[in-house]
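S.K.: The hints should help you fit chain B onto chain A, whose structure is shown.
These protein sequences, in sequence, are chains A and B. Numbering follows my numbering, with no gaps: position 372 of the first sequence is 372. One rule links them: number in my numbering = place in the second sequence (from 1) + 374.
These aren't lab readings, by the way, just hints derived from the structure by calculation. Hints may contain errors.
[Stated by the list, open to error] Simulated pairs of lysine-lysine, DSS-like, Cα-Cα distance not exceeding 27 Å:
no., chain 1, residue 1, chain 2, residue 2
1, B, K502, A, K212
2, B, K527, A, K144
3, A, K212, B, K527
4, A, K278, A, K45
5, A, K308, A, K337
6, A, K357, A, K45
7, B, K455, A, K144
8, A, K337, B, K527
These numbers were taken from a predicted model, which means no experiment stands behind them.
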Amino acid sequence: MTKQPFTGRLHTPLLIALAVILVVVIPLLNSLGIISNFTLGNWGKYLCYGILAISIDLLWGYTGLLCLGQALFFTLGGYMMGMHLMRMIGGDGVPTFLSMVGRTEWPSFFLPFSSFPFALLMMVVVPGMLAYVFGYLAFRSRIKGVYFSILTQALTYGAALLFFRNELLMGGNNGFTDFRTLLGFSLREDSTKRWLYIATALLLVLVVWGCKWLTHSRFGLIQRAIRDSENRVLFSGYATANFKLFIFVISAVIASLAGALFVPQVGIINPSEMDTSKSLEAVVWVALGGRGTIVGPVIGAISVNALKSWASVGATADFWPLMLGGAFVLVVLFMPKGMVGLPAQIQGYITRVSRNKSAAESPSSEPTPEATKP
Amino acid sequence: MIVESSHLAKPFLLAAEGLNKSFDGFKAINDLNFYLDEGELRTVIGPNGAGKTTFLDLITGRTQPDQGTLVWDDAKHDLLKLNEYEIYRLGIGRKFQTPTVYNDHTVTENLILSLAGSRGIWHSLFGKVTPAQRERIAEILATIKLTNQAYRKAGELAHGQKQWLEIGMLLAQEARLLLVDEPAAGMTDEETYRTGELLLSLAGKHTIVVIEHDMTFVRQISQGRKVTVLHQGHVLCEGPVDQVQADERVIEVYLGRKSKVA
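Same shape as in the complex, but just chain B:
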């Protein structure tokens, strides 16, 4: 099941090279190189301020880098030339660090807005939700365990449920790449575990990048897959979680300062 990526054999889904981004002199991203294969479940860890969220901002078009390249799908698309919604339409979906759902809409409406399909004004006026789409929504609701909350306002959900709803919104979109920023933040241990199970069940069908702090969670979902350690906007090392945790430099900059290490 676990496919070791062989970088030279096949084209990358996402490739970042020589990325640099600074904010008022602070180098958030420093000469970053990052390659992702189709179907990977990659975990990105790193201390606070390592540039993890900024990296996602660069991929999704929220911020522009000072230098570097960022290409998608075997370099068919230059992500730096596209804006947020154009990047989304390539199949790159993002879950934000703090759950970002439409609080005043019901859970179902949140999913309807995220369904793959036309994003035009005409369609929004006259397009109907098809039976197939309804089925898909029911399926997603079951996956994210919110079937019973389908008609509640998203704002009334518990924190963990909102996180799941946002993941469900990425599923509705049928994204090729899911960028998941700290899905376990603010969750109980049990919720965290279930979130891990959810992400594992999606692995293979989607390419997933998970940013996380919680090492128990990282161990649960990485299962020998590649983990990338970011430090000061730069990739410090990559490899299976055991190897990464044994790495001297990683212990020095990150794990050594964290009591969470398992």
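Isolated chain A (complex conformation):
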């Protein structure tokens, strides 16, 4: 019996190689001019989306909670970062979104955001607390399945409506933009952009590693047990609501950190990021990449967004939603394990075919074991 008592392997060497490529090799190639700044900027965004996708999969693939509100936590993290960046613009007076509603001074809640550590703390606390309160109420009332999904979507929609209002003093529908510096570095500098990319890649590696560890612990076993048979878990003495709450808060914080890194890279944050379609799109990345795996959602997020960048310009632009929807339907129908499950699926198909062939050639041979793939 090995030390690791639970199923699944960590594939450590492969992951380390990928981590080195993402964190070291790509930025190095960029500084040498082999990878363009534009491409690097795109990859920075893709990786943020990859982290967001993992946070969805932690809930959906591992715990059976389809959350349609992860874009809310992503955006909240972005807003926390945005508030800090707005305070860092400097200059006289207040930004337009404040003067527009007759304010000549910063509202008091903006002031502490001058401190980066405070902003960082808020990126964890604000989405974490929101997830805690919402999750506490939802899980205590045993809201599950589609009702949970609808509620998370409603919460996101409500938040978007709130953020669209200028009276909230959070920039209204224009949001925050025209950022200048982060930690004293100009956001227009290539090197700053490169460091932002490196920070994103590092966060992704940390999140992947952390989630691998989490899902291989006994907690991971309980998580998946809740997904498959919550009643049994309850009748095995586990307070399932607490476990769901814990993972809901963790995943909200992960999404928030991804959003916080996203904003300085794209240079803007506004309530349209909370749009219902954003959360749904992220769920599609997870389904395409492979639900119930850690790497799958990242692959899904990167490939869909790379494809989107390519397809949404020119003649194919109008067809992009159709292409995405079509891909989703195909994957749901034919690839239950998504892209990462495809090799195993093909292998299974090949063995089945060759087995049938050999069985047909020598009917007296052993009976083929049942191929029961769900």
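M.R.: Leaving out everything else, chain B in the frame of chain A:
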């Protein structure tokens, strides 16, 4: 070996009094009184709709009664005030009618999740399976005859094996009271017999309540112990299986309509 329960002498492990539960006007449990001593192996029989499973739902906190009391361990705990996992933590384990195991987990993992011990999040993150627990798991695997299937996914097991695994999960929990709902359902005669042997070997170490339809099986495990007959949510009569089977009312409502009677 067979201890006749003397209700007045010692406190009850589980006592239900005046329980009532109706679903949309249908009285599933009707003024039910039920007393269980520590160490008993009690069989509960009754026709379909007699309220057997509902009774287990009430004990384990799945449903709340409309009226009545349900107390545990010499009335130290009021089960009606506790939820499912709190009741479990008192040492009440349940095997469901249809085998309910974690299909995507291996047999060993199923048992690990059921092991007695902390149920907290912190423990689930950092707690390790101790050598003593590994030994216990090996022991249970031998008891439920699944040693060779230890690393197979539970979903791949045969129906009877799943039933045993679920009983094994109750053993891992070190439950004081095992509530076993139709353990022989869907089993072959041989599997049924082995399940009976398994339950008999556990009698005495645990208090067991078995709900069953199969009278051959009931005869095998009751062996002169008390059998409770439920009818329309009410205890019709109690006593050794021979006495129960001879009872006019029982023949009328239950045995008379069943061809299974031995």
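S.K.: Verify the proposed pairing of K357(A) with K45(A), using a straight-line Cα cut of 27 Å.
M.R.: Cα-Cα ~48 Å, so violated.
S.K.: Take the C-alpha atoms of K278(A) and K45(A), compute the straight-line distance between them, and say whether it is at most 27 Å.
M.R.: holds, 14 Å
S.K.: Holds or violated: are the alpha carbons of K337(A) and K527(B) at most 27 Å from each other?
M.R.: holds, 18 Å
S.K.: Does K337(A) lie within 27 Å of K308(A) when you go C-alpha to C-alpha?
M.R.: The hint holds at about 22 Å.
S.K.: With the threshold set at 27 Å, check whether the alpha-carbon distance from K527(B) to K144(A) stays at or below it.
M.R.: holds, 26 Å
S.K.: Regarding the pair K455(B) and K144(A), is the alpha-carbon distance no greater than 27 Å?
M.R.: holds, 24 Å
S.K.: K502(B) and K212(A) were given as a pair; does the straight-line alpha-carbon distance stay at or below 27 Å?
M.R.: holds, 17 Å
S.K.: Does K212(A) pair with K527(B) here, judged by a C-alpha cut-off of 27 Å?
M.R.: Holds, because 21 Å separates the two Cα atoms, which is no more than 27 Å.
Of the numbered hints stated above, the single one contradicted by the structure is hint 6.
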